[in-house]
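Trainee: Protein sequences appear in the order of chains A and B. Numbered as in numbering that gives the first Met the number 0, the first sequence ends at 148 without a single skipped number. Numbered as in numbering that gives the first Met the number 0, the second sequence ends at 148 without a single skipped number.
It cannot be assumed that every hint is accurate.
As the list makes no split between identical chains, a pair holds if one copy fits it or if it spans any two.
Capping the alpha-carbon separation at 20 Å, the derived lysine to any residue pairs in SDA-like fashion look like this [unchecked claim]:
#, residue 1, residue 2
1, K10, Q143
2, K10, E110
3, K101, V1
4, K10, D146
5, K10, D38
6, K10, S121
7, K36, F50
8, K10, H148
9, K10, W147
10, K101, V33
11, K36, T23
12, K16, P139
13, K16, H90
14, K101, E78
15, K36, E25
16, K16, D146
17, K16, E131
Since the hints were derived computationally from the structure, they do not count as laboratory data. Just so we're clear, the structure is a prediction, and the values are computed from it rather than from any experiment.
2 protein chains.
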Amino acid sequence: MVDILHRVGVKTPTPEKVYEALTTVEGLAGWWTVDTKGDGGEAGGALQFRFPPVGGFDMEVVETRPGERVLWRVVDGPEEWVGTTVDWELHQSGEYTIVLFKHQGWREPVEFMHHCSTKWGSFLMSLKSLVETGEGTPAPRDVQISDWH
Amino acid sequence: MVDILHRVGVKTPTPEKVYEALTTVEGLAGWWTVDTKGDGGEAGGALQFRFPPVGGFDMEVVETRPGERVLWRVVDGPEEWVGTTVDWELHQSGEYTIVLFKHQGWREPVEFMHHCSTKWGSFLMSLKSLVETGEGTPAPRDVQISDWH
Numbered sequence: 000m001v002d003i004l005h006r007v008g009v010k011t012p013t014p015e016k017v018y019e020a021l022t023t024v025e026g027l028a029g030w031w032t033v034d035t036k037g038d039g040g041e042a043g044g045a046l047q048f049r050f051p052p053v054g055g056f057d058m059e060v061v062e063t064r065p066g067e068r069v070l071w072r073v074v075d076g077p078e079e080w081v082g083t084t085v086d087w088e089l090h091q092s093g094e095y096t097i098v099l100f101k102h103q104g105w106r107e108p109v110e111f112m113h114h115c116s117t118k119w120g121s122f123l124m125s126l127k128s129l130v131e132t133g134e135g136t137p138a139p140r141d142v143q144i145s146d147w148h
Numbered sequence: 000m001v002d003i004l005h006r007v008g009v010k011t012p013t014p015e016k017v018y019e020a021l022t023t024v025e026g027l028a029g030w031w032t033v034d035t036k037g038d039g040g041e042a043g044g045a046l047q048f049r050f051p052p053v054g055g056f057d058m059e060v061v062e063t064r065p066g067e068r069v070l071w072r073v074v075d076g077p078e079e080w081v082g083t084t085v086d087w088e089l090h091q092s093g094e095y096t097i098v099l100f101k102h103q104g105w106r107e108p109v110e111f112m113h114h115c116s117t118k119w120g121s122f123l124m125s126l127k128s129l130v131e132t133g134e135g136t137p138a139p140r141d142v143q144i145s146d147w148h
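Chain A on its own, in the form it takes in the complex (with noise of 0.2 Å):
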């Protein structure tokens, strides 16, 4: 089994801000994607992100703690996507708010993830832009890493 591992340190005074961007609609389509739909904030709400025209992502939230940890299982996407968890774990570090970011479940080391796994970086530092500048790169304007986008 591989999993995708990042960190990135957000500066912000409490993980109350990223918190809310992992779980309110409007904070999700202000870093992930802007056609983000659902209910983030409880266990057991569902989300639906997509990325015209290629598809996207439903993720069933499994947990919530506040300002400590969001927890996706995704339900529907991509084959190699289904069945695998995103785990975010928040805690606060001086001035930042640290995030440890876990795409657990991967079958195989193949391709596409290596590609998911660059995209994430990129996501994550868009989730950083958005809480300290208020500004993010959701698609359909975010970074393309690649000719995979």
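Go by the hints and put chain B onto chain A.
Mentor: Frame of chain A, contents of chain B only:
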């Protein structure tokens, strides 16, 4: 065992410029750290990368196949890095040179590994920018991703 994986596509007609950026001191200094010394052109060579004031990495060049692959082994640096390998596979896909990156052999998925994963993604974007525009963002003007730089 856990690996760091990434994939970027560099808009360039052949892998030649990306290969140069991975095997020459001038190239490496243009996207990773300006403080690069050694000889990266052939197996058996040694490369020293420094990031003042925090240290750096010494690499042994294990394999070089022009336009196709570069493989390094970490011989000195942070203890989590020593003995790991950094593998660069290149292939052409239309207008893009695809870089498949693997930093393998980490013993544990420690917090520092999460950081290095995001940081590698950011440096791969610097490599892409260097080849596409002539300008990368090597240390010390690298993109800050957190309190750990």
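Trainee: If a hint holds in the structure, say so; if it doesn't, say that too.
Mentor: Tested hints:
In this assembly of identical chains, the alpha carbons of K10 and Q143 lie at most 20 Å apart only when taken from different copies (11 Å versus 25 Å within one copy). Taking the shortest Cα distances, K10 and E110 sit within 20 Å of each other only across copies (18 Å), while inside one copy they are farther apart (33 Å). When the C-alpha separation of K101 and V1 is checked against a cutoff of 20 Å, the pair qualifies both within a copy, at 10 Å, and between copies, at 12 Å. Taking the closest pair of Cα atoms, K10 and D146 come within 20 Å of each other only across two copies (8 Å); inside a single copy the shortest separation is 32 Å, beyond that limit.
Taking the shortest Cα distances, K10 and D38 never come within 20 Å of each other, neither inside one copy (26 Å) nor across copies (39 Å). Within a single copy, K10 and S121 get their C-alpha atoms as close as 17 Å, and across copies as close as 18 Å, so both meet the 20 Å cut-off. For the identical chains of this complex, K36 and F50 are intra-copy neighbours only, at 12 Å inside a copy versus 43 Å across copies, given an alpha-carbon limit of 20 Å. With identical chains, the CA atoms of K10 and H148 are at most 20 Å apart between copies only, with a shortest distance of 12 Å across copies and 28 Å within one.
When the C-alpha separation of K10 and W147 is checked against a cutoff of 20 Å, the pair qualifies only between copies, where the shortest distance is 12 Å, while the shortest distance within a copy is 31 Å. Taking the shortest Cα distances, K101 and V33 never come within 20 Å of each other, neither inside one copy (22 Å) nor across copies (31 Å). With identical chains, the CA atoms of K36 and T23 are at most 20 Å apart within one copy only, with a shortest distance of 9 Å there and 48 Å across copies. Taking the shortest Cα distances, K16 and P139 never come within 20 Å of each other, neither inside one copy (23 Å) nor across copies (29 Å).
Proximity of K16 and H90 under a CA criterion of 20 Å is satisfied intra-copy only: 12 Å inside one chain copy versus 41 Å between copies. In the homo-oligomer, the alpha carbons of K101 and E78 lie at most 20 Å apart inside one protomer (18 Å), although the nearest pairing across protomers, at 23 Å, exceeds that limit. In the homo-oligomer, the alpha carbons of K36 and E25 lie at most 20 Å apart inside one protomer (9 Å), although the nearest pairing across protomers, at 47 Å, exceeds that limit. In the homo-oligomer, the alpha carbons of K16 and D146 lie at most 20 Å apart only across protomers (17 Å), although the nearest pairing inside one protomer, at 33 Å, exceeds that limit.
In this assembly of identical chains, the alpha carbons of K16 and E131 lie at most 20 Å apart only when taken from the same copy (9 Å versus 35 Å across copies).
The structure shown violates the earlier hints numbered 5, 10 and 12.
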